[in-house]
Amino acid sequence: MSKILFVLLFIFFSIQNKPVYAEPISEEFSGNNAYLHLKKQLIFGPRYVGSAGHRQVQRYIIEQLKKYGWYPEQMVFSQDTPIGKKVFTNIIATKNKLSNKIVLICSHYDTKWFRNINFVGANDAGSSTAVLLELARVLGLPKYNNKFSYEPILVFFDGEEAFIYWSDTDSLFGSRYFVSQWKKQNKLEHIKCMVLIDMVGDKNWTITVPENSDKKLIDLLLLSAEKLGIRNKITTPYRFSIEDDHIPFVNEGIPAIDIIDFEYGSAPGKNDYWHTIEDNLDKISIKSLTLTGKLVLEFLSNLDK
Numbered sequence: 219m220s221k222i223l224f225v226l227l228f229i230f231f232s233i234q235n236k237p238v239y240a241e242p243i244s245e246e247f248s249g250n251n252a253y254l255h256l257k258k259q260l261i262f263g264p265r266y267v268g269s270a271g272h273r274q275v276q277r278y279i280i281e282q283l284k285k286y287g288w289y290p291e292q293m294v295f296s297q298d299t300p301i302g303k304k305v306f307t308n309i310i311a312t313k314n315k316l317s318n319k320i321v322l323i324c325s326h327y328d329t330k331w332f333r334n335i336n337f338v339g340a341n342d343a344g345s346s347t348a349v350l351l352e353l354a355r356v357l358g359l360p361k362y363n364n365k366f367s368y369e370p371i372l373v374f375f376d377g378e379e380a381f382i383y384w385s386d387t388d389s390l391f392g393s394r395y396f397v398s399q400w401k402k403q404n405k406l407e408h409i410k411c412m413v414l415i416d417m418v419g420d421k422n423w424t425i426t427v428p429e430n431s432d433k434k435l436i437d438l439l440l441l442s443a444e445k446l447g448i449r450n451k452i453t454t455p456y457r458f459s460i461e462d463d464h465i466p467f468v469n470e471g472i473p474a475i476d477i478i479d480f481e482y483g484s485a486p487g488k489n490d491y492w493h494t495i496e497d498n499l500d501k502i503s504i505k506s507l508t509l510t511g512k513l514v515l516e517f518l519s520n521l522d523k
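Counting with the working numbering, you get residues 219 to 523 for the letters of the sequence shown.
For the record, the hints were derived by calculation from the structure and aren't laboratory data.
Honestly, I wouldn't trust all of these hints.
Label-pair ranges, simulated between beta-carbon atoms [what the hints assert, rightly or not]:
#	residue 1	residue 2	range
1	292	401	17 to 23 Å
2	523	318	16 to 22 Å
3	401	250	35 to 41 Å
4	297	359	34 to 40 Å
5	398	261	30 to 36 Å
6	367	300	26 to 32 Å
7	258	408	29 to 35 Å
Here are the computed lysine to any residue pairs in the SDA-like style, where the Cα-Cα straight-line distance is at most 25 Å [stated by the list, open to error]:
#	residue 1	residue 2
8	303	332
9	284	303
10	304	336
11	365	248
12	523	429
13	258	483
14	501	453
15	330	434
16	319	355
17	284	405
18	434	446
19	488	383
20	433	407
All C-beta atoms in this analysis are idealised placements derived from N, C-alpha and C, irrespective of residue type, glycine included.
Take the sequences, apply the hints, and build the full model.
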């Protein structure tokens, strides 16, 4: 055998036997896809509870989940609010049968009700709903079936926003009801942790993890951000606690983290776009949606380690 032929055969068999390293799951996330989901929501207009846009976005979320191979369940309930009785719908998406170890990945999809402004909520909560839908696509890919030692379940909460003034009875309608029902059904004990995404599309993307998030989960998020080279974008501990959909879980002793950018305004550190007519598409960045999705997927991967 000539030396040239030997070398060629050696190279051929080396290539055949070389281990194939799959790209990290975070690389699958498309900010462009998330942005399209966001634009679609804004076409529906305001999506406060009981509005036409609210019903349209529910249908859209369910259609997309089915498209990505998930099984959406509607948790419908009614409650009294300061402006009368309202019907709410949480959307819960599963891939497999209920596991003994669950991680909930969550967002709210309703927008705040305003009497006098056309509030479309591009960032709050269009951005997190869009990210969660793109996460549904990625986690629904056949090659990621049974990737984790736990079962990811996606939850789109309704009624996060207060109708009049934020209080224990005028806020977090969907997450409070979800926790109460799972508690009655003895399902809470199966939750490994709850991951909440909220207000993540701001062009000046800085994640402000509130101090009432679980400390071990915060450390894991920081590790995940370090691996992605974006540790400098995470502010923790944030100077405030934040009342958000993670609170009903925290109150039941379930580890929870709120991945939120609560500095959404005209200058760093400000929040003057929040709950105003300025919360529209021109404040949103595809890059910010991408960074959020990749961070959440890296975090979910590190939960197994």
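Identify every previously stated hint that the structure contradicts and give their numbers, smallest first. Hints 6, 9, 15 are the ones this structure does not satisfy, whereas the remaining hints hold.
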